[in-house]
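S.K.: Construct the entire structure; sequences and hints are all you get.
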Amino acid sequence: MSGMLTTEQMLRAIDELAAAALPLWGLDGADLQLINHSENWTYRVLPKGAARPVILRVHRDGYHSTDGIRSELAWMRALQAEAQVKTPQAIPGKDGADIQTVTHPALSSPRNCVLFEFIDGIEPPQDNLIPPFRQLGEVTARCHNHSETWTRPPYFERLSWDFEHSLGKTANWGAWQAGPDCTPERAKLLQRAVDLMERRLKAFGHARNRYGLIHADFRLANLLVHNGDVRVIDFDDCGLGWFLYDGATAVSFFEDRADVPELMEAWKEGYRRQRELPKEDDHEMWTFILLRRMTLFAWMGSHAETDLARTEGPGYSTGTCDLAERYLSQYS
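For the sequence shown, my numbering gives the first residue as 422, with consecutive numbering after it.
In short, the hints are calculated from the structure, not lab data.
Be aware that a few hints might be false.
Unchecked claim - Each computed BS3-like pair below joins lysine-lysine, with the alpha-carbon atoms no more than 25 Å apart:
1) Lys590 - Lys515
2) Lys623 - Lys590
3) Lys700 - Lys507
4) Lys590 - Lys609
5) Lys700 - Lys623
6) Lys609 - Lys623
7) Lys623 - Lys515
8) Lys689 - Lys700
What the hints assert, rightly or not - Label-pair restraints from in silico Cβ distances:
9) Gln505 - Tyr484: 42 to 52 Å
10) Gln505 - His627: 37 to 47 Å
11) Gly589 - Asp449: 21 to 31 Å
12) Pro575 - Leu610: 23 to 33 Å
13) Ala608 - Tyr484: 36 to 46 Å
14) His627 - Ala441: 13 to 23 Å
15) Ala608 - Leu453: 34 to 44 Å
16) Asp680 - Gly483: 37 to 47 Å
Bear in mind that the values here come from a model prediction, so they are computed numbers and not experimental data.
C-beta: ideal position from N, C-alpha, C; glycine also.
M.R.: Shown next as structure tokens:
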């Protein structure tokens with residue numbers, strides 16, 4: 422049973438499951454390379470004959486339903502076709518289905534697998550982020566404009582990123598109090614910031630021009646720059662949330678860096694080229710930056726086995742507390 426496997430045994434089982442999935446797309450014998458393990462397992466697949474690579478995603482058990490994954494893929498297709506947002510498209514299997522369900526004897530339940538096309542581009546360079554942030558602001562606004570008008574399919578089902586499902590009792594990624602190095606003293610400070618965010622978000626509300634279907638993970642690792650164009654990958658967290666939360670995710674894991682205010686101004690400049698951003702909404706940006714930071718803090722607590730949590734976790738508590746203190750001094 423998967424609950425009894427060590428981390429090493431789990432990784433081996435998922436590798437074997439991924440290899441077993443490839444024939445469902447006619448990719449027998451293709452080379453597999455694990456490139457990321459976060460919520461899911463993501464592999465680069467190199468078909469025989471040095472054909473163009475593709476990307477295989479093996480879904481984590483219990484995070485999304487089959488209809489939830491179908492909803493993600495439908496929005497990605499619609500964004501590319503209707504909003505000129507370049508996204509990697511799902512490649513149907515030999516049976517015509519986008520989602521293939523694969524079993525493994527060591528795992529207690531089957532896993533959903535999706536194969537994506539490979540799209541060109543590189544992650545924005547950390548030393549010159551102003552131009553990419555302007556472009557990202559434009560791309561984000563196009564996503565939000567499309568979100569407001571898109572007719573969702575009848576099977577639509579995605580997570581919510583409202584306060585209750587981010588930091589409340591039914592948080593998608595677990596209790597923020599379980600974040601790394603969250604001592605009782607730090608928890609008291611962070612609770613004050615969480616309470617203030619809850620009050621401000623309640624007042625901010627869920628109006629149609631503020632809240633809808635969002636990407637929810639526009640961090641640099643999910644952006645590709647190619648010939649001056651910003652492409653968007655990994656819609657696995659897309660769901661219902663505040664539009665400004667998408668802006669906050671752009672500075673994920675470096676929210677406390679000195680140039681973040683300048684980067685957010687560049688993002689807002691690009692966003693306003695495509696969509697209105699009222700000043701009163703703009704004023705709440707740091708509420709959403711701290712909301713994102715605290716949500717990631719919770720994620721690290723519930724995903725301590727991942728490489729991302731191990732590399733980013735040390736020091737993350739200190740930085741989160743520093744942000745919380747600044748937020749309380751600015752908004753209290």
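S.K.: Which numbered hints turn out to be false for this structure?
M.R.: 1, 3, 7, 9, 10, 11, 12, 13 and 14
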